[in-house]
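Hey, can you work out the whole structure from these sequences and the hints?
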Amino acid sequence: MTNSPFTPGIAPARLDAEALAENFDDLHGPLDGHEALVAADRCYFCHDAPCITACPTAIDIPLFIRQIATGTPEAAAETIFDQNILGGMCARVCPTETLCEQACVREVAEGKPVEIGRLQRFATDTLMAKGVHPYARAAETGKRVAVVGAGPAGLACAHRLAMKGHDVDLFDARPKGGGLNEYGIAYYKATDGFAGAEVDWLLKIGGITFHAGQALGRELDLSRLQAEYDAVFLGMGLSGVNALRATGETREGVADAVDFIADLRQADNLQTLAVGRNVVVIGGGMTAIDAAVQSKLLGAESVTLAYRRGRDAMPASRYEQDLAASKGVRFVFNAMPVEVLGNGAAVALRCEYTRAEGKSLVGTGETFDIPADQVLKAIGQTLDGAPEALALDGGKIAVTGAGRTSVDGVWAGGDCASGGEDLTVTAVAEGRDAAEDIHSVLAG
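Numbering-wise (my numbering), the sequence shown opens with residue 1 and increments by one.
Everything labelled a hint here was simulated from the structure, so no lab data went into it.
Just so we're clear, the structure is a prediction, and the values are computed from it rather than from any experiment.
Yeah, the Cβ is synthetic: ideal placement off N, Cα and C, and Gly gets one too.
Hints are supplied without guarantee of correctness; some may be wrong.
Said to hold, decoys possible - Label-pair restraints from in silico Cβ distances: (1) Arg355 <-> Gly213: 46 to 54 Å; (2) Thr209 <-> Glu436: 16 to 24 Å; (3) Glu249 <-> Gly196: 29 to 37 Å; (4) Gly394 <-> Asp437: 16 to 24 Å; (5) Gly419 <-> Gly363: 25 to 33 Å.
Written out as structure tokens, the structure reads:
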């Protein structure tokens with residue numbers, strides 16, 4: 001990060017350890033056994049359940065809830081893991097309020113859905129706590145597959161391929177696996193090192209060798225991978241960050257929100273993290289919300305989220321917006337950053353009001369200033385270092401079907417690939433489906 005504890009207005013330990021522990025506690029605590037039975041009892045067990053259709057991984061939700069209701073949460077977990085091997089993390093971070101729970105018949109009839117996400121967490125946590133892996137590998141095929149990127153897509157792909165009997169080398173640029181689950185989500189959504197524990201549990205399938213510090217275009221070359229392996233899957237996510245294109249962007253106190261969140265996720269002591277007194281977050285997606293909320297939880301006195309369009313256009317769900325507002329985050333809509341003010345270090349962000357003209361967004365000429373000693377950019381990420389041999393679509397790797405790229409023998413999925421939503425659950429589905437397609441090709 002560009003910020004340091006010595007930047008004016010940015011300092012660590014704004015709150016004591018006890019306050020920080022309370023602020024960053026589990027957002028939605030786990031259900032106990034009795035609570036899970038009560039929650040499961042609300043399910044109608046629909047025959048043509050709309051919640052299944054709404055789930056990107058097509059988990060049989062009524063079945064796993066019935067299994068919980070009959071006292072077999074381990075069986076429920078296997079129902080979940082059959083479709084989504086990262087079901088434990090998805091239970092914590094999925095926007096269930098806009099997916100399965102929004103489609104729930106109870107939501108439509110009563111305005112209160114079955115707590116599908118928390119029930120999924122209850123089941124998966126129950127099985128994972130036993131420390132065993134519920135799947136065994138098929139007979140070894142002698143085929144080797146390279147999976148680049150140990151995020152949700154890569155992990156799901158590697159696990160499914162290992163189940164099929166293939167040997168997988170899993171590469172990642174960072175020291176730990178997990179991708180955004182490890183480095184890019186709010187601390188309070190996955191506490192107690194769950195992201196790392198889930199990766200360790202997944203690798204118990206066997207047949208997967210993890211290689212840290214290996215990035216495509218740096219240590220790894222696509223043509224060499226093609227020569228050494230029977231298939232290649234690319235799931236390395238998006239490592240570039242869009243430029244703000246505002247005067248003063250390089251001033252002290254201006255940083256990328258993804259780096260801010262990664263530092264927070266990896267901190268052993270939250271009191272060591274520096275945060276501004278007046279923080280402005282630029283953007284309207286989940287990264288912007290997570291950065292804004294966590295800035296407030298770290299002790300920032302004022303946190304403002306500035307978004308260039310109206311509330312209805314925000315990519316972040318209304319639930320997440322309301323969560324941020326409940327923590328004291330102020331929203332400013334139709335505000336386009338034009339200059340970071342200051343003499344060396346940031347002191348304010350100047351914005352211009354915008355208005356929509358058809359599908360275009362134009363400035364009105366009217367500006368205003370927001371006090372800011374820390375400015376966090378959450379304005380989207382880009383694909384860096386894509387091999388020239390691969391066709392691109394909208395700045396991402398172009399794919400057809402189950403992740404097939406323009407190069408034979410190379411598949412892609414997750415945030416680096418075109419199509420789909422930038423969600424953990426969607427990435428899992430893409431990695432899983434690509435693995436099935438890779439297996440069908442390798443099996444002849």
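* Beta-carbon spacing of Gly419 to Gly363 - inside the hinted bounds 25 to 33 Å or not -> About 32 Å separates the Cβ atoms of Gly419 and Gly363, which means 25 to 33 Å holds.
* For Arg355 and Gly213, compare the CB-CB distance with the range 46 to 54 Å and indicate the outcome. => Check passed, 47 Å falls within 46 to 54 Å.
* Outcome for the supplied range 16 to 24 Å, where the beta carbon pair is Gly394 and Asp437 -> holds, 22 Å
* To do: With 16 to 24 Å as the target window, see if Thr209 and Glu436 comply at their CB atoms.
  => 21 Å Cβ-Cβ, so the 16 to 24 Å window holds.
* Asked: Does the Cβ pair Glu249, Gly196 satisfy 29 to 37 Å?
  -> holds, 34 Å
Checked against the numbered hints above, the structure breaks none of them.
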